[in-house]
Amino acid sequence: MFQVRIHGRGGQGVVSAAEMLSIAAFEEGKHSQAVPSFGSERMGAPVVAYVRIDDKEIELREPVLEPDLLIVQDPTLFAAIDVFAGLRDDGYVLVNTSKTPQQLGIADATNQLPDGHVAAVPATELAMHHLKRPTPNTVLLGAFAAMSDIVKLESVFKAIQKKFPGKIGEMNVAAAQAAYDTATAS
Amino acid sequence: MLKQIEGSHAVAEAVALCRPEVISAYPITPQTHIVEDLGSMVKSGEIANCEFLLVESEFGALSACIGSSAAGARSYTATSSQGMLFMMEAVYNASGMGLPIVMTVGNRAIGAPINIWNDWGDSMSARDAGWIQLFVESNQQAVDVHIQAFRLAEQLSLPVMVCMDGFVLTHSYSQVDIPDQKQVDAFLPTFEPRQLLDPASPVSMGAMVGPDAFTEVRYLAHHKQMEALELIPEQAAEFETLFGRDSGGLVKSFDCEGAETVVVTMGSVIGTMKHVLAEMRDEGISIGALTVRSFRPFPKETLRDLLKDAKRVIVFEKCLAVGMGGILAMNLRMALKDFPIRVHSAIGGLGGRPRPITRANLRRMFEKGIRDEMEEPHFHDIHMDIVERELEREQAQRRSGSIAENILQDVGVVAAAKTI
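Read top to bottom, the protein sequences are chains A and B. With positions in the first sequence counted from 1, the corresponding number in the numbering used here is that position plus 10. With positions in the second sequence counted from 1, the corresponding number in the numbering used here is that position plus 120.
Looking at chain B on its own, in the form it has when it is part of the complex (with noise of 0.2 Å):
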């Protein structure tokens, strides 16, 4: 049924029809209305059978998931930024013991500073943990992946995280088709775990693992991911056939095959990239993009297969690896190896930049990349002049104070705060 609503409110639609049996959160800043919305839908019994817990903090409400899931419910919760930070320990723990627990992160910039606004520095923190991550482009797109999210996790026995866009994508109004509850039953078969907390048949879960076998169960772990790679695009061609829609999958490609300079990223920035690039093919620019649905696990094999041909690669991502670069980047460049392809690494959109990411920006990025003239890595539509001034006065006195209060200062926002 189509919908004119907020994409957090269309996620707790898709959530709900997936017939949750624990919500587990903490529904605090940084949140998202997901959980808010899946509370409601509990108490007025729209959703039947399910346990809304209210936990003390991020790392209870994971913790909670990774009991529940491990007696054998279906388990969901949402977060963001730094309450995924602060769940670290329990987000390590639902990988390693194969709980298959879904969590939507409204992908937000991680602090200090202190920054409520969109960027992947959450996800990325993360990346290595072990959980399988599906970036997603749109709400619509959001709301199928979560569907084939529960059933990816429960017949891998992994922990699945669905990206999405903080503000972008959450906040925003748009039509979405929400599916029948019929099509998602038919799609999403009753969870089977496969191990079991059970009093009758009593088992240890998480249990210490010496050097004699840690390696073996990491090795198993990494694996899993693998098979990822297999059933992630049969169960998006699967959801075409029944729900007659194109998401999910490993990547998406738009125009790249044959195009000499292919653009690389993920979520929702390749909306607004779809419009930049159209004008540029119409003036016979040789130029295409895809988007990594899939980050974790990474699809190699695919990219290479679809980037074979390409001269240059300009991936852009609001994402750092401070000491490094871009880190969709870096792991692309580990793909493309032994090709002869430039790959240059652009980052913007940091912390919820939004001019960076509009489409002349985005055209002045496309075309310094096809140049060849991007410095490494490419921080796009930075303001050069303020880190100057910064360097300055580190280097003319010892006492020079925060980063952060000083470049408040030199852009004006503090003052501005006191007039306006």
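Only chain A is shown next, with the shape it has when bound in the complex (with noise of 0.2 Å):
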């Protein structure tokens, strides 16, 4: 069972990121699981949603306690809570950020890690140029697909559209795009 904690803010859509990787899983014939953690909704709280992707059913319902993998949408938040609690020896971190571990106050963390777990995508700026608003989330799951073997890229891209049909579907493929190009150069 390979596990997922998505970190960030209320309106960064932390839960339909979590939906949209469950969905790309199911794409492949794998079962997954995604839930919200329930925090009160209101903008710019901090927000976590858990995925699980497994081949067989999954009843398991308690909290991601030790992730294989980390997204942190929101780097901010590395100094309001503890996003790192639990994450697997050999566990991944993808950041929105420019800036690199060591800038970012993280790089204790992030050096235990075994090398090419550790991926910095600007995802706001990219989200920005492609959407026209501040919304990491797609862009951050075509950096995934870049980052993991776990779903391809193109199962992503069904699952965004999925979620939004249409235009807004497009372009937010066009921004995973970008992350997945970006995060397979560096």
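Hints are supplied without guarantee of correctness; some may be wrong.
Said to hold, decoys possible - Once the Cα atoms are required to be at most 20 Å apart in a straight line, the calculated DMTMM-like pairs of lysine to aspartate or glutamate come out as: (1) B:Lys123 <-> A:Asp65; (2) A:Lys40 <-> B:Asp297; (3) B:Lys123 <-> A:Asp64; (4) A:Lys172 <-> B:Glu156; (5) B:Lys123 <-> A:Glu67; (6) A:Lys172 <-> B:Asp332; (7) B:Lys488 <-> B:Glu350; (8) B:Lys394 <-> B:Glu380; (9) B:Lys394 <-> A:Glu69; (10) B:Lys394 <-> A:Asp118; (11) B:Lys372 <-> A:Asp64; (12) A:Lys173 <-> B:Glu380; (13) B:Lys123 <-> A:Glu37; (14) A:Lys172 <-> B:Glu380; (15) A:Lys173 <-> B:Asp402.
Hints listed in this document are in silico derivations from the structure and should not be mistaken for laboratory results. All figures in this text were calculated on a predicted structure; none of them were measured in a lab.
Reassemble the complex: the two chains are provided individually, in unrelated frames, and hints are given to aid placement.
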């Protein structure tokens, strides 16, 4: 079972990201579960959502306590909460930032992870460019596909288009493609 | 057809397949996405011959269903938490009048203090209201049980509440097999009302019944629920034949036969429990579980039969009868009253606290139960230091203030909210 924890703030589409990731896994014939952590929903408040992906039915309903991969949609959260809590020793971290781990003050945590397991993508900038809105969620899903072999980029595209049919979906697909290209080039 | 969808949306699709004729809803928190999705399905024509009524309150929502059901229309609504309390007078009227309405309850806590999260406080507040109450474990079961609920309700002329854990199920995405219309039509016949408001043949419904006949009306309400004890398993068996899935029924055993210790619970928490129980059984511990799927009627005989050889039972529930203890535990003890079985009562996960129902903490609770060291009732994963601090405050001063506010200060929520 592969477990993902997505951190962000209200308004950044954390819950939608989890839903789309679960749809992408489903598109590949896998079982998947997406669950928001149900805080009081308000713009700007820290939000967490969980995704589990497996080859068999998923019955586990506890929060993801030991994630294989973290998606951090807002790097200011590193100062507010323990984002790394429970991350597996061989885990992955994907951060929406144009800064280095040193600049973010998280190098102590990220240095312990294997090479190539930490990725920084300027997702908000890519979102502003492609969507004219600062919603980094679909962008980061493109980077997710580049970083892990859990879901293919095409499945992420299908999931985005299911969630956002039409023009909005196309714009988000373009943003995810750009993030994928950025992540694979670096 | 397999779909990766939200629990609420899955329920909306299931309800749509049941060809509802009136859906009435008050679509403001506390609500789920169910009625929102149904609203768009009615608007788009995906659900034909259906009136979607946007009413002024939850009381209005169920009252409208009472009217439409009495007029012979298959009627549906959904609610949650405080919304259900606001319709409570209509809840009793629907069952008292024997109207086969189906209502989803996305189970959430009842305030005060305000809390929007999952527990069973809402459904439990109506446990004696005369509705059939079916609890589901997964979103697949939620779909399947709604289809069965309409048939059961109409066959008995009684309303049915389908209880599904709020957020945990209603807001989670998972793979759900949505049946096709043909399958559902083969299982669910058209609604033949037992009583009907018809201008051509006027009757009065909901008339006053004095002391001379009230007991008999109540007796018959109880009698009908006892009939449901036969019907629910029959229907589940037929459903399984047609749809190829074991869904519904009165109870579900998870290796409880022959186990020394049996955990009894309801709803979605069994999913996580199964992992813990499998691990414990692998270590040679004799432990199993069962979920009560029909809470009303309460399947006393079935439970007696399944639990007769157990040494002890650990009841875990997300609700509390204040001043008494565990509600499910109380019901189960009555069912097992003449058996030499220890029944431990554990309460946890109130107001949506996730920590008690992690694998590690569930295991801790089961082990405490196996050692027969549970206080009565056992509040699982309670922070007694916080409780004691409040009790000390109350001891120290008359004007100790609001308990909820004090405790928020103690746990740091108020302070944290200012800094984040």
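| request: Given the hint that B:Lys394 pairs with A:Glu69, test it: the Cα-Cα distance must not exceed 20 Å. | output: holds, 8 Å
| message | With the threshold set at 20 Å, check whether the alpha-carbon distance from B:Lys123 to A:Glu37 stays at or below it. | response | holds, 9 Å
| task | Decide if the proposed pair is consistent with the structure: A:Lys173 and B:Asp402, CA atoms, cutoff 20 Å inclusive. | result | violated, 42 Å
| Agreement of A:Lys172 and B:Glu156 with the hint, judged by alpha carbon distance not exceeding 20 Å | Satisfied, since the Cα-Cα distance of roughly 18 Å is no more than 20 Å.
| task | For the pair we were handed, B:Lys394 and B:Glu380, check the Cα-Cα distance against 20 Å. | result | holds, 16 Å
| message | Tell me if the straight-line CA distance from A:Lys40 to B:Asp297 falls inside 20 Å. | response | holds, 14 Å
| Hinted pair A:Lys173 and B:Glu380, Cα distance within 20 Å | violated, 48 Å
| query | Taking 20 Å as the top limit, are the C-alpha atoms of B:Lys394 and A:Asp118 close enough? | reply | At roughly 37 Å apart (the allowed maximum being 20 Å), A:Asp118 and B:Lys394 break the hint.
| request: Starting from B:Lys123, check that the Cα of A:Asp64 is at most 20 Å away, please. | output: Answer holds: B:Lys123 to A:Asp64 is near 16 Å, not above 20 Å.
| task | For the pair supplied as a hint, B:Lys488 and B:Glu350, confirm whether the alpha-carbon distance does not exceed 20 Å. | result | Distance ~36 Å between B:Lys488 and B:Glu350 Cα, so the pair is violated.
| said: Next pair to validate is B:Lys123 with A:Asp65; report whether the Cα-Cα distance is within 20 Å. | reply: This hinted pair holds, its Cα atoms lying about 16 Å apart.
| Is A:Lys172 within 20 Å of B:Asp332, Cα to Cα? | violated, 61 Å
In this structure, the earlier hints numbered 6, 7, 10, 11, 12, 14 and 15 are contradicted, and the remaining ones agree with it.
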